[in-house]
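Following the hints, position chain B against chain A.
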Amino acid sequence: MSINAKTEFEPKIVALCCNWCSYAGADLAGSSRLGYPANIKIIRVPCSCRVNPMFILRAFEKGADGVIICGCHPGDCHYSTGNYYARRRMTLLFSMLDYIGVEQGRTRVEWVSAAEGVKFGATMNEFAAKIHSLGENVRLGDLRCRN
Amino acid sequence: MQELGKRASELLAAGSVARVLGWKTGDLAWGPVPAYFENEEQLSELVYNGFCGANLSKYMIEASKLKGKTLVFLKPCDTYSFNQLIKEHRVDREKALIIGVGCHGKLDIEAIKKQGIKGIESISEEGSELKIKTIYGDKSLDYNLALLERCHVCKGKEHRIYDERLLESKETGDKERFAGVNEIEAMSPEEKFAFFQKELSKCIRCNACRNVCPACSCRKCVFDSNKFDSAQKANVDSFEEKMFHVIRAFHVAGRCTDCGECSRVCPQGIPLHLFNRKFIKDIDQLYGEFKAGEDAETKGPLTDFSFEDAEPGVVAERG
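Chains as they are written, first to last, in the working numbering: chain A, 544 to 690; chain B, 205 to 523.
Excised from the complex, chain A in its bound form:
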């Protein structure tokens, strides 16, 4: 146990944002001075379809307490159809994670366009609150990755 151990639980949340919509949405949220928790770490991906199921599992391994995937609204994908494929994949993966006992609230997909800075901020606040209430991810973490 480190002497700097925090007494209060601060969730670590990974947000995988698509380059064309959600990342720009996050940018807009920032430039509009809309607050969202600092627990959210954004990773930019070319498209929500780029998200490999392994990314999500790895994030949990390395200690993330929640993972959210943001992409363009269905029909607005920069690559026309990427998010439709991502939608099917993520639905199946989340269902599988639920099946092996990882709480449903820890994973989420949200469609955020480049103009929706407000939605981005609100979604992230809501998601962080949800993870806060669920507590630490103990099911999928790798003990070796804990500090």
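Everything labelled a hint here was simulated from the structure, so no lab data went into it. These figures come from a predicted structure and were not determined experimentally. In this text, a Cβ means the ideal position worked out from N, Cα and C, and glycines have one as well. Heads up, some of the hints might be wrong.
To be verified - Derived BS3-like pairs (lysine-lysine); straight-line CA-CA distance at most 27 Å:
1) A:K555 with B:K396
2) A:K555 with A:K584
3) B:K431 with A:K605
4) A:K605 with B:K402
5) A:K605 with B:K437
6) B:K396 with A:K605
7) B:K406 with A:K605
8) A:K555 with B:K431
To be verified - Some but not every residue of chain B turned toward chain A, in silico, with C-beta under 8 Å:
9) F400
10) M447
11) P516
Claimed, not checked - A short, non-exhaustive set of chain A residues, derived as facing chain B with CB atoms under 10 Å:
12) M597
13) E604
14) Y627
15) R632
16) L636
17) T650
18) A658
19) V661
20) L683
Relative to the frame of chain A, chain B by itself:
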């Protein structure tokens, strides 16, 4: 069994095929192994009995690269896998002469042992009875009690692809296919986690489930990558166990024909089909009923989409 050998030697002699892909007796009487036969003499070793559960369709990937045609014996459920491999351009239909063989359900030595029969020396089939010779004397067992799990939820005894057919089949499906999945879904998250923890901690990462799976046919596998830190070694912790099995099942989602080979070969007896069947159940519910391998043309559910698909939030709503 004689019919199979006879037809195979006829075709070999006529030069229609260069080799035969079938089963021959392995080290143990209840473990026939897949084998190639290239001449009459070798063909005398060909066997086809209740323990020939091995799905030969995956061997056709390599056989498609050989010179000449290969005669392959496929059971009804194996033909689904073969169709799926044609769809994925992994086998060459022109290089295969498929003889669809009848199936009375395949036997599981573990199921026999579970009935309390020990010290088995030999097993013979007599109608709907199994005569088992053990070191403690002769025993008999109902054939249905010794079936593999997959045969209790049989897809049907119709060959989806074949050139010729031999032997009769017998219906064996008598259980609900998704019963196991439903049971787990009804558990609380803690119970689910405990259940999979218990099952998956047995995994020794022998990769047998991956190697035997007819849908797992990538030339380069993610689990063999040097950058993947759990490659070629036993799982270190519960995360690696789960990641391997979730990703393995995910990679075959929408392509898995539910042939049950993964569970059959698992040396640790992990019910791996529970992962694959969960995906199948979800796909059926969300994207319409889909049977992988029913034909060689239809698009798989994960390589297709519709504008009205359910949002991923549906998982949480469903509860």
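Going through the hints against the structure:
At most 27 Å may separate the alpha-carbon atoms for a hinted pair to count; K555 of chain A and K396 of chain B meet this at roughly 24 Å. Proximity of K555 of chain A to K584 of chain A is assessed by CA-CA distance (about 8 Å); at most 27 Å being required, the pair is judged to hold. As the CA atoms of K431 of chain B and K605 of chain A are separated by approximately 16 Å, the hinted pair is consistent with the 27 Å bound. Our distance criterion of 27 Å between C-alpha atoms is met by K605 of chain A and K402 of chain B, whose separation comes to about 23 Å.
Among the hinted pairs, K605 of chain A with K437 of chain B is consistent with the structure: their alpha-carbon atoms are about 20 Å apart, no more than 27 Å. The suggested pairing of K396 of chain B with K605 of chain A holds, with an alpha-carbon distance near 22 Å, which does not exceed 27 Å. Straight-line distance between C-alpha atoms of K406 of chain B and K605 of chain A comes to about 23 Å, which keeps the hinted pair within the 27 Å bound. Between the alpha carbons of K555 of chain A and K431 of chain B the distance comes to roughly 25 Å, so the proposed pair stays at or under 27 Å and holds.
Taken as an interface hint, F400 of chain B checks out: its beta carbon lies about 5 Å from the nearest beta carbon of chain A, inside 8 Å. At a threshold of 8 Å, the smallest CB-CB gap from M447 of chain B to chain A is about 5 Å, leaving the interface hint in force. A distance limit of 8 Å between C-beta atoms decides the matter here; for P516 of chain B the minimum to chain A is near 4 Å, and the interface restraint holds. Checking M597 of chain A against chain B by beta carbon gives a least distance of about 6 Å; that is within 10 Å, so the hint holds.
Residue-level restraint check for E604 of chain A holds (minimum Cβ-Cβ distance to chain B is 5 Å; threshold 10 Å). Restraint check, Y627 of chain A versus chain B: the minimum CB separation of about 4 Å is within 10 Å; hint holds. Annotation: interface hint on R632 of chain A holds; nearest CB of chain B at approximately 7 Å, less than 10 Å. For the restraint placing L636 of chain A at the interface with chain B, the shortest Cβ-Cβ distance is roughly 6 Å, inside the 10 Å limit, so the hint holds.
Nearest Cβ of chain B to the Cβ of T650 of chain A: about 8 Å, under the 10 Å cut. The hint holds. Because the smallest distance between the Cβ of A658 of chain A and any Cβ of chain B comes to about 20 Å, over 10 Å, the interface hint for this residue is violated. Interface restraint check for V661 of chain A: the shortest CB-CB distance to chain B comes to about 20 Å, outside 10 Å, so the restraint is violated. A cut of 10 Å between beta carbons decides the hint on L683 of chain A: the least distance to chain B is about 6 Å, and the hint holds.
In terms of the numbered hints stated before, the structure departs from hints 18 and 19, listed from lowest to highest.
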